[in-house]
Amino acid sequence: MTSTERADALVVGERTFASRLLVGTGKYASNDVMVDAIRASGAECVTVSVRRVDLDRSREEAILHHLDPEEFFLLPNTAGCYTADEAVRYARLGRASGFTDFVKLEVIGDQETLLPDPQATIEAARVLADDGFKVMAYTNDDLVTALRLEDAGCAAVMPLASPIGSGLGIVNPHFIRQIKRRLAVPVIVDAGIGTASDACFAMEQGVDGVLLNSAIAGADDPVRMAEAMRLAVDAGRASWRAGRMPARGIAVPSSPERGMLA
Amino acid sequence: MTSTERADALVVGERTFASRLLVGTGKYASNDVMVDAIRASGAECVTVSVRRVDLDRSREEAILHHLDPEEFFLLPNTAGCYTADEAVRYARLGRASGFTDFVKLEVIGDQETLLPDPQATIEAARVLADDGFKVMAYTNDDLVTALRLEDAGCAAVMPLASPIGSGLGIVNPHFIRQIKRRLAVPVIVDAGIGTASDACFAMEQGVDGVLLNSAIAGADDPVRMAEAMRLAVDAGRASWRAGRMPARGIAVPSSPERGMLA
Amino acid sequence: MTSTERADALVVGERTFASRLLVGTGKYASNDVMVDAIRASGAECVTVSVRRVDLDRSREEAILHHLDPEEFFLLPNTAGCYTADEAVRYARLGRASGFTDFVKLEVIGDQETLLPDPQATIEAARVLADDGFKVMAYTNDDLVTALRLEDAGCAAVMPLASPIGSGLGIVNPHFIRQIKRRLAVPVIVDAGIGTASDACFAMEQGVDGVLLNSAIAGADDPVRMAEAMRLAVDAGRASWRAGRMPARGIAVPSSPERGMLA
Amino acid sequence: MTSTERADALVVGERTFASRLLVGTGKYASNDVMVDAIRASGAECVTVSVRRVDLDRSREEAILHHLDPEEFFLLPNTAGCYTADEAVRYARLGRASGFTDFVKLEVIGDQETLLPDPQATIEAARVLADDGFKVMAYTNDDLVTALRLEDAGCAAVMPLASPIGSGLGIVNPHFIRQIKRRLAVPVIVDAGIGTASDACFAMEQGVDGVLLNSAIAGADDPVRMAEAMRLAVDAGRASWRAGRMPARGIAVPSSPERGMLA
Amino acid sequence: MSEPIHIQLNGKDREVSSDLSVRDLIVSLDLAPEMIVVERNRAILRRDDYADVSVEDGDVIELVHFVGGG
Amino acid sequence: MSEPIHIQLNGKDREVSSDLSVRDLIVSLDLAPEMIVVERNRAILRRDDYADVSVEDGDVIELVHFVGGG
Amino acid sequence: MSEPIHIQLNGKDREVSSDLSVRDLIVSLDLAPEMIVVERNRAILRRDDYADVSVEDGDVIELVHFVGGG
Amino acid sequence: MSEPIHIQLNGKDREVSSDLSVRDLIVSLDLAPEMIVVERNRAILRRDDYADVSVEDGDVIELVHFVGGG
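In the order they appear, the protein sequences are chains V, A, W, F, X, P, U and S. If you read the first sequence in the working numbering, its first letter stands for residue 1, the second for the next number, and so on. If you read the second sequence in the working numbering, its first letter stands for residue 263, the second for the next number, and so on. If you read the third sequence in the working numbering, its first letter stands for residue 525, the second for the next number, and so on. If you read the fourth sequence in the working numbering, its first letter stands for residue 787, the second for the next number, and so on. If you read the fifth sequence in the working numbering, its first letter stands for residue 1049, the second for the next number, and so on. If you read the sixth sequence in the working numbering, its first letter stands for residue 1119, the second for the next number, and so on. If you read the seventh sequence in the working numbering, its first letter stands for residue 1189, the second for the next number, and so on. If you read the eighth sequence in the working numbering, its first letter stands for residue 1259, the second for the next number, and so on.
To be clear, the hints were calculated from the coordinates, so they are not data collected in a lab. You can take every hint at face value.
Computed beta-carbon distance windows for the label pairs: (1) W:A786 with A:D392: 33 to 39 Å; (2) W:A786 with P:D1166: 25 to 31 Å; (3) W:P770 with A:D298: 47 to 53 Å.
In silico lysine-lysine, DSS-like type, Cα no more than 30 Å apart, as pairs: (4) W:K658 with W:K704; (5) W:K704 with V:K180; (6) A:K442 with F:K966.
Just so it is clear, CB atoms sit at the ideal spot from N, CA and C, and this is done for glycine as well.
Work out the full structure: start from the sequences and follow the hints.
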């Protein structure tokens, strides 16, 4: 990072991140593609899941064989948990890995849509924050739930753009902007980003970062899409900071009206 | 340009351009800001208007005092013209400057909305193409008009995203995609881009370039917005080439469902 | 109602309603306009608020001076309540009026946006349902919260189209459709409808009804807008039942291609 | 029509129509369904195509065996024509039927998308208007083309919502509103309507009528969809006349804030 | 004649005579009892009881009714 | 009896007898004249003239009518 | 000394001396010829000809250049 | 030699020798202890303790690690 970049860097829980783009590590066709894509994305913060070692074929799965924790900041998630207790258990297992006391908290409330359980997420967030975790909480796009998560002590609140893996982009920008405007902690859009313009648009709503996985892993060319996402997040951030022109229903000439020939 | 970039460079009328972003030079608060913004945008192709010298205060206006034609490719436009004859006259004056036989053809059909006159644009395009011009024609988002412009010999067809200076972005992506799909000559979205995500989204429709002016000149910080636009166009191009994931109404987990604890 | 209409009538908590349009009684310029508008809307179910008698000027306020409970089904709401306890208190006061054991439950979680408090709404719903109320619960557009409200015993779940009084219409149709698809109790879109096409579109998502207030009371001509809403809800219902044609990115002729002259 | 309805009736070329909904007669599964659907739609103006008699099986095709010209106003179209000359020929054949000097002018410019040819449509409109026709011209959503069609003497200008048979609804409401605002002759949205809310929304843009075919003929239940369309057009018209509330990014309570209990 | 008593009525202190039933109170305010719901010391009264319940010193009484709302 | 003549009718060659009026032709095809518009050699005939105009050898005749369309 | 002549220059009447070339005219206005395009009586001049073409009485001359535009 | 004991390891019953430390168990499975987190009877073990904690009969042990996830 240059000093300018550092001045506008993402800071969560007092830690500064090299990029406002955070990426997941799931669903890649191969570990090589995953590593290449993550490098191309410029992301420093990389989410991982906590799972039982598969005692038959563990070697390929272990993410630490592929991602160097010196190069990337590994953020354990609680994906797959359906209760506050279960999420707390997974969060603690993740912390016990010894890399970090950050956790991406995710408590699912419905198996079909993978939408989060607001109440259980708030409960788990409170327990974990009280236990010293830096909680980055995945949530829906409801302001009141976001406010409660901030009250519960979350280090970051991460509303969805649209359901996990849907690729629909930000469906309700009003709600995302409300959340950003009202919270003091960083707001990171998590889940639902489908393409680069979605990520750019998300950043233009003023949020602090974007977390995505399927949009890169599910592209035809994940490495190139990762680069697109890096550029798109930087573009959206710069655009938001630059202050866009007003949109208007009328036309305004960009060439001078005077000086025409007779 | 690296060799990779050159391999995907924009080529119009056999000329290769260093960037797929083309920018205008109108409406800047100062010439210094204009030059800084254009440099930050990375654009090589820069539109200019042909106007009478204002004999009282010409020095400040002359764009050649500020933009070095060795550094930038100056593309004269016919902005402000309302008939095919007028546009042909302005195009010839622009060519007589000695820099280029390219012209951005623009024949306005309505003063309030600044929407182009399809018929007059086609007529002027034919005359100019027959006269050896490389015509880059500003047009509405109608496929049939775009096909007629290609038939008339245009080197590029440039449909609007939305009215000039409106900043509404691409209102009808269906029409833009149809035009790109059906034309052999380059398609450049011209007019109506308001912010970086608009430019990124435009490129994701597969078009060959984006031309904008107000979105940079009208931003609170034009230089930063210019940089945002450079990134956004690169992001959109990479995203389109990478092939986005499908958008779908359903959720798909990005973390493994197996390996959960008992 | 004709027998056909009755066959497709809205039924909530075993009560059949004459219309799928439900309307509020707030913010009218005059009581006369209110009564005329409600009649024009065709609504049978009409929400009212429970408030202290203003001992200085009570006559004008009392809604029972203007709306005959024989003509309309008065549905007390708990608008203005910020806790579960407060909402329960208001619900009981409303029931003590002697007209109904239905209640429109509304527990606000944020004063600025008037968004509901999911957790407090679920709590109050459980208390009220256990106490014999037919609870029609105003909620955000989150499926998980809607499922919890159904579990709590609600007779109807009423997700917002957009914030109260915003007139933005349905911002997230995906979420509304998910809620309708997954719940067994009636789903009524409540809040945010701004115009007739919003109401029509809401019904086309398959929901069971629409509840609105500001869209009528805030129109230039409330009585005419009330009629528009009546027609729009009927149109949307019929349209949904009729099964729309598929939308597609391509053109399909509606006149025969054969039989052209030589 | 009641006198109120008559006061707001659609008038084209000095003829008053009983409904602002105009419907086509193509693509029905059977003639019986067609007649029932058209009756349910309430439309008076019904488009028909001019085609060679199929000398092998003419009986079933002839629309006059099914639609009584006393009951409906039959509007011949020039669908399927690709040049101005061809369209003029078909228009004259249609007029020679002896029912009307109205014609729905349609000159297609591209076989794949069925988009109109602006220039050829303007030419044909001029010839036909000079020949005494009341020309109702199908066109794209370009204001300049619409203005030229009005200048050419059209009795009504009929911009598309989206391509014929696509069912995408109004993609560019800005352009439709511009056309309505700037033209003196009636503006009727023609083509692309997919469902009732599309028709309602179209009318809310202030246009004078809606012409559709596939949305009814292609619905699962055409007769019910026809009724939905009738209601939707009436709803949209009433809504536009009523003057909608402003949409706003903020919430505004619809229940009183004073009078809360202590 | 009886001493006046002090109650809190709809959030304001008020002095009323000591021999009033809730029904009397409502009528004295020119209100129609059948349109009013009464909460007395946080308990809701049944409308049939209005005539039988007397207003006591220190009572916190809320008279509520339906107003327009969405 | 007269020699047959050759016409082009709705895009197909056809042999008909030489003494037919346009009206006769229509009726012979089991069509109702009042529902048919006739273009003969690119000129539209008035319906009143159908009985008076005879079909000539080499005529290009189009019989058109209204069908369902959008 | 020569008589002054009258021309229309960029839309305004102007009196200039009669012995000027187009190049002289441009330079007299403190403009750089290499940045100016000249239209004289609706015909565009080649820049190499500026010194050789003389300004004539009644000429309608437009001096144009590039300005900012979109 | 010691008797085998029975534990539940990652959800499956397994027989192991009775004299193993947790570290031994991990290594015996060809896993790297520094990449594994161990939950034993619902309590998480500190990595420094792996060598000191012995696997007991009836233990429910979960060996977990990081895998790809979003």
